[in-house]
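**Q** In case you want the letters, here they are:
Protein chains: 2
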Amino acid sequence: MQLNLLPHNEAALRIEKVRSAMAAQNLEAVLIADNANLYYLTGRVFAGYIYIPAIGETRCFVRRPVKTEGENVIPIRKPEQISESIGSVAPSTIGLETDTLPYSLVLRLSAVFTGVEIGNASAVMRQARAVKTTEEIKKIETSGIKQTHVYSLIPSLFHEGMTDIELQIEIEKASRLEGCLGQFRIAGNSMELYMANLLSGDNADNPTPYDFAMGGEGLDPSLPVGCNGSIIRHGETVMADINGNFTGYMTDMTRTFRVGQISPLAEKAHRCSIEICRRLESEGKSGVKASDLYSIAENMAREAGLHEYFMGHCQKAGFIGHGVGIEINELPVIAPRSRDILAENNVIALEPKFVIPKTGAVGIENTYVVTADGLRKLTFAPENLENLI
Amino acid sequence: MQLNLLPHNEAALRIEKVRSAMAAQNLEAVLIADNANLYYLTGRVFAGYIYIPAIGETRCFVRRPVKTEGENVIPIRKPEQISESIGSVAPSTIGLETDTLPYSLVLRLSAVFTGVEIGNASAVMRQARAVKTTEEIKKIETSGIKQTHVYSLIPSLFHEGMTDIELQIEIEKASRLEGCLGQFRIAGNSMELYMANLLSGDNADNPTPYDFAMGGEGLDPSLPVGCNGSIIRHGETVMADINGNFTGYMTDMTRTFRVGQISPLAEKAHRCSIEICRRLESEGKSGVKASDLYSIAENMAREAGLHEYFMGHCQKAGFIGHGVGIEINELPVIAPRSRDILAENNVIALEPKFVIPKTGAVGIENTYVVTADGLRKLTFAPENLENLI
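So the protein lines, in turn, are chains U and S.
For the first sequence, the working numbering begins at 1 and goes up steadily by one.
For the second sequence, the working numbering begins at 1 and goes up steadily by one.
If you're looking for bench data, these hints aren't it; they were derived computationally from the structure.
Every residue, glycine too, gets a C-beta built ideally from N, C-alpha and C.
Treat the hints with care, since some could be wrong.
Said to hold, decoys possible - The following label-pair restraints were derived from C-beta to C-beta distances:
id, chain 1, residue 1, chain 2, residue 2, range
1, S, R77, U, A54, 21 to 27 Å
2, U, H159, S, V66, 44 to 50 Å
3, S, R376, U, G229, 30 to 36 Å
4, U, R77, S, R233, 32 to 38 Å
5, U, G260, S, G56, 26 to 32 Å
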């Protein structure tokens with residue numbers, strides 16, 4: 001089996017981006033072990049490590065699968081064997097993925113390089129991955145098209161008397177049949193979500209422990225987010241935020257549906273969400289501060305008299321958007337204290353949402369590519385409130 | 001919202017088990033942050049920390065959800081606020097979950113306790129959780145009953161000409177409608193699986209990077225395990241190893257189906273798997289070495305002339321069983337070099353499987369409670385090869 005599935009130029013381009021980020025942190029090398037980063041660098045997940053020196057050749061140390069082949073591929077059984085290969089050219093500073101790898105693994109890996117200073121390769125990789133390549137954007141565009149098709153099916157999957165989870169299960173199946181890979185990659189191990197966050201009625205106001213934009217009680221306290229088994233009732237909204245991973249890269253899209261007539265306040269808040277998106281689409285140019293986008297959105301919600309409901313009601317999220325790609329929580333972060341500055345070919349999801357008591361969650365979310373002229377949309381389902389009945 | 005959902009006695013019992021494991025490691029306190037362990041200690045997942053001193057009262061520091069209440073519940077915004085509460089009674093050694101928490105989080109948490117020696121709370125919690133309480137076993141039993149029902153539906157979900165993933169999607173839906181929570185908890189962040197591993201025909205012989213017992217190419221190199229979109233053909237087997245998390249605690253069960261006639265070798269290997277299970281059910285008493293169970297299984301496979309196919313063909317797994325509970329990879333580990341000794345109320349899954357080239361994977365997996373007299377089975381689907389056609 002060939003290890004590297006990326007076209008040669010593409011692989012070289014990604015390594016270059018990593019090296020630029022390494023230089024900014026004065027790292028002489030990085031050793032990569034996290035699945036999302038291994039996938040970024042080779043186009044496949046494997047069990048092993050990639051060693052990238054600032055100068056010299058990249059080496060891939062592969063534990064599994066067996067019989068993996070390719071340029072500079074070295075089979076190993078344990079990470080200690082890496083030092084035999086690096087040997088006399090060991091660097092004086094090396095970056096490890098200290099924000100995602102377990103403490104004990106970082107200690108074990110750092111012991112491979114005796115006397116070496118440890119830096120943060122998580123920051124390096126986040127930086128490198130924040131600006132997408134043309135190949136990556138193609139994969140994200142494909143996910144957007146497939147996800148849009150799945151969303152177009154949602155009204156046909158609903159029937160009166162259904163519970164939230166019954167509707168979610170129908171959407172899960174439609175999405176899987178469309179090719180959704182299911183896995184929902186999130187950096188770090190504290191956030192968990194199975195396939196979708198579908199919120200109907202007042203369940204949207206149940207706070208969650210997770211740092212998602214929206215909450216929900218969940219079906220069980222072992223996974224307290226999303227559907228709680230409520231029957232979807234007239235006068236309520238259903239907000240669907242469904243896994244968009246069809247290619248290894250995901251889009252993030254939310255649409256809201258209404259069952260019969262809903263309150264004028266909820267209608268107004270939904271229109272406000274769309275208006276915020278339109279405004280941010282023109283303001284969101286490369287060079288703009290992420291925190292400025294947040295302020296624009298928050299001010300629009302405040303001026304509309306909707307601040308109380310903005311990004312949650314009982315519990316509020318601290319951001320209105322985030323980078324998206326291999327994982328759902330990439331750079332830049334669109335939050336009040338974010339220091340990120342939008343760059344061309346960032347891919348971001350914007351989700352200015354509202355929770356209206358007794359009605360439910362309203363608003364939309366789209367995924368965009370940042371350009372010099374504003375945001376280019378990748379998620380195309382109709383944005384107005386659609387009727388389920 | 002009340003933080004602790006466990007009955008008072010149950011919560012106290014679990015804390016006692018943790019304290020016993022702490023004493024064995026000479027830890028004066030542990031600070032717990034991992035979702036699986038927080039769920040173990042309170043019956044719910046929350047964002048925060050539980051501080052357990054060897055002597056004195058447990059304290060719960062809660063970041064999210066907002067408005068969480070209960071005995072010794074202290075709301076915080078960041079972990080640094082923990083030190084205000086611990087203050088002058090700070091321990092000299094504290095255990096953190098160094099095997100699962102990211103390196104940077106462990107450093108941040110250890111800075112909360114100045115001058116304190118850091119120990120391994122992952123080991124403490126693994127040890128405490130390995131022996132299940134009566135309440136936990138009830139939850140696992142419930143999962144086993146529901147999972148058994150889902151397996152009984154599998155033949156009715158198949159139709160000729162189906163691909164492996166089409167069948168898996170039907171099983172996913174049936175399982176979710178039965179109440180499967182979907183989330184498949186695995187300790188550590190290197191193993192990934194979406195809902196099920198369903199292997200038909202020769203795809204079973206495709207090696208995976210993950211440390212699961214079986215492989216499969218996967219639908220995409222970003223998630224290289226399980227179904228690869230092959231049409232399920234006559235003369236092949238379909239091995240179904242489907243998520244059994246219905247209660248926050250899971251059972252792990254595998255059953256194999258055949259499409260028409262399959263090779264006598266595959267039939268023989270399947271019978272051998274059942275025979276190994278029967279033998280281990282009587283040998284697997286408390287006090288027995290896990291490595292001895294492995295040897296018995298391996299010897300039975302060898303004596304049957306099936307060693308070449310045992311636990312994989314192109315690539316082999318290094319174990320035949322594992323503890324199961326909140327996570328799929330708990331103690332004890334049933335492997336050649338395991339030092340674990342079976343204890344009463346361990347819950348283990350045994351999966352002596354074979355991969356037969358050109359036919360596919362065969363064998364079964366059951367989840368058991370360890371007793372003084374042997375293993376008590378919790379997964380009840382029929383074990384013989386069932387016909388899909």
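**Q** Would you mind marking each hint as holding or not holding in the structure?
**A** Hints, one by one, checked against the model:
1. R77/S x A54/U: 21 to 27 Å: Distance hint for R77/S, A54/U is violated at roughly 39 Å.
2. H159/U x V66/S: 44 to 50 Å: With Cβ atoms ~35 Å apart, the hint is violated.
3. R376/S x G229/U: 30 to 36 Å: Given about 31 Å between the Cβ atoms, the range holds.
4. R77/U x R233/S: 32 to 38 Å: holds, 36 Å
5. G260/U x G56/S: 26 to 32 Å: Cβ of G260/U to Cβ of G56/S: about 56 Å, so the range 26 to 32 Å is violated.
When each numbered hint is compared with the structure, violations occur for hints 1, 2 and 5.
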